[in-house]
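All chains, please: the whole structure from these sequences, using the hints.
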Amino acid sequence: MMETGNPTLKDENNTVLIASVEQVTPRETHVTRPTWSGRIEFILATVGYAVGLGNVWRFPYLCYSSGGGAFLVPYLTMLVLCGIPLLLMEFAIGQFTGLGPVHALAKACPLLKGVGLATVVISYVFCTYYNVLMSWGLFYLVNSFGATPPWKTCNNSWNVFENCSNGFPGNNTHLQSASQQFFDHRLLKKTSGIEEVGGLQWELFGYLFLAWVIVYLCIFKGVKSTGKVVYFTAIFPYVILFALLINNMQLPGARDGVLYFVTPVWSKLFEVKVWVKAAAQVFNSLGIAFGSMISMASYNKSNNNIVRDALIVSLTNSFTSILAGFVIFSAIGYMAHIHNLPVDNISTDGPGLVFVVYPEVLSTMPAFQLWAPLFFFMLLCLGLDSQFATVEVALTFIKDEFGPQVLRFLKREELLALVVCIVSFLLGLPHVTKGGIYVFQLLDHYTAVVSLMFLAFFEVIAVCWFFGVPRICCMIERMLGKSVNFYFRICWFLLCPLLVLCILASSIIQYTPVQYGSYKYPLWAEWVGWGVSLISLIWIPIGAIHEICNNKGSFLSRLQTAITTTVELDNEDPLPEKQNLAKAIVETSAI
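Position one of the sequence shown corresponds to residue 0 (numbering that gives the first Met the number 0), numbered consecutively onward.
Keep in mind the hints are simulated off the structure, nothing from the lab. Misleading hints may appear alongside valid ones.
Taking lysine-lysine and the DSS-like style, the derived pairs with C-alpha atoms no more than 25 Å apart in a straight line are [to be verified]:
#1 Lys151 <-> Lys189
#2 Lys188 <-> Lys433
#3 Lys189 <-> Lys433
#4 Lys151 <-> Lys188
#5 Lys519 <-> Lys272
#6 Lys519 <-> Lys189
#7 Lys398 <-> Lys227
#8 Lys519 <-> Lys188
#9 Lys223 <-> Lys481
#10 Lys398 <-> Lys410
#11 Lys220 <-> Lys481
#12 Lys300 <-> Lys227
#13 Lys519 <-> Lys433
#14 Lys300 <-> Lys398
#15 Lys398 <-> Lys220
#16 Lys481 <-> Lys300
#17 Lys151 <-> Lys551
#18 Lys300 <-> Lys220
#19 Lys223 <-> Lys410
#20 Lys223 <-> Lys151
Take a look at the structure:
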């Protein structure tokens, strides 16, 4: 620990580099902080987090609705110019400081310290409803072991016989498929709207409880237990995806579905919304601004090669999205063939793709009893990896901020994980009521769509501009012992902030109220949704006001202190020879 009263460090232009404040070296204050057993565990954990259910249902739909193969142009452009650089930035902040997003971002830019807390809040809200998808997956998994799938026929007690179709009727009729009615009336038992919440569905209550038990058993030992689990949960989905692809491509009509998926419509490239959707998909899929990547990187050894890891995670995530697209649309092409319908009459977005359309496809496949359980088990693995990471954000924050106090009361870290899981389970109960699907859609829209882009913007500004590209480069150089490529420097300084600003502005201009199918939410529900967004976003201005008020002097001097980083770049130097901090930063700035 450094003593208070250190002289302020400045460069030759008399610009303050490090304020004269008490600075604590993060790695020194967290000497007992666990680390991943090996780099492969970190890669698997981050790949598992990035590769989730969105790769299976979101990307394929975006691709075919936004120009087919042409969508890959804006998607890969945004990945290269924004996704990979920002992922590396989050890895660098987490690994160098050895802290979760709250404390790491507070040290990088005290003025915007609220960004870190906002990422924790948004991740925690996300994990309370994301596990509901796991309960749906468990429900389908259990129901897929029968001789005949219950979503295949219309002669069940939950079916509305007058508009039920044993096959897939297409999108242009008043009929509903048996699988759609199974989803609506058997799984969800949904009401007419959010105004009519209904009572708890005790069956889904049990599956949600089981889902949280599984999550707890995988994370209760921290990275030591999670690191072992991801060897299976991150690898197994690829075995199933490749097996399904080989099987699907042998089915009649599969080629038509794949062609529909990849055929480019080049005129779509001139639509701004296509580029915005591509950027949003990159952010959502890689988990930028959720805090999870910073948390997981904080458990790395200080010399781990994060440049290599960022490339591996980003490219694996994109490859998985494209692979899932081939799997999904080869099956949809087969479905269109057997029902003599065009492919666009079957495709759909969101949970309906994997819980309505694909179960219907599976029920018509040869060896249904094999493929259906494997498919839903794969969904569970995909979802669990993402769930581990979001819960870990909350646990990391609590341990960093209140570790000694909490452990004095709870005695063991395993009990802390148990308390977090229990509270999260209770907060997820509104989603397993009969009107729970409307609550789920409301939270998902205002958390994963509205709040995320605001958080991403402020995080990029805090780190890339206030903390500064020279300091990011200095951190990486100290950890890896080699200079940072010019490509990353120009992306951090110019391209990432401008692209994120454009995405945020476009999202505001093109904002549309949340809907679930044809159902439009009442005004009070939209206000509730904005309230959920503010639960995370409000910490950004609160943190800024708190920091300015706590400093001394005139307003300008308080503001200057508030934007001065307190990250100590000279301590815990992984290189053999330590250098003077101010000299290192000035030299890096001059490169």
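Against the structure, the hints:
no.	hint	result
1	Lys151 <-> Lys189	holds (20 Å)
2	Lys188 <-> Lys433	holds (5 Å)
3	Lys189 <-> Lys433	holds (5 Å)
4	Lys151 <-> Lys188	holds (18 Å)
5	Lys519 <-> Lys272	holds (22 Å)
6	Lys519 <-> Lys189	holds (15 Å)
7	Lys398 <-> Lys227	holds (21 Å)
8	Lys519 <-> Lys188	holds (19 Å)
9	Lys223 <-> Lys481	violated (30 Å)
10	Lys398 <-> Lys410	holds (13 Å)
11	Lys220 <-> Lys481	violated (34 Å)
12	Lys300 <-> Lys227	holds (17 Å)
13	Lys519 <-> Lys433	holds (17 Å)
14	Lys300 <-> Lys398	holds (18 Å)
15	Lys398 <-> Lys220	holds (13 Å)
16	Lys481 <-> Lys300	holds (17 Å)
17	Lys151 <-> Lys551	violated (70 Å)
18	Lys300 <-> Lys220	holds (18 Å)
19	Lys223 <-> Lys410	holds (19 Å)
20	Lys223 <-> Lys151	violated (43 Å)
Hint compliance for this structure: hints 9, 11, 17 and 20 are broken, all remaining hints hold.
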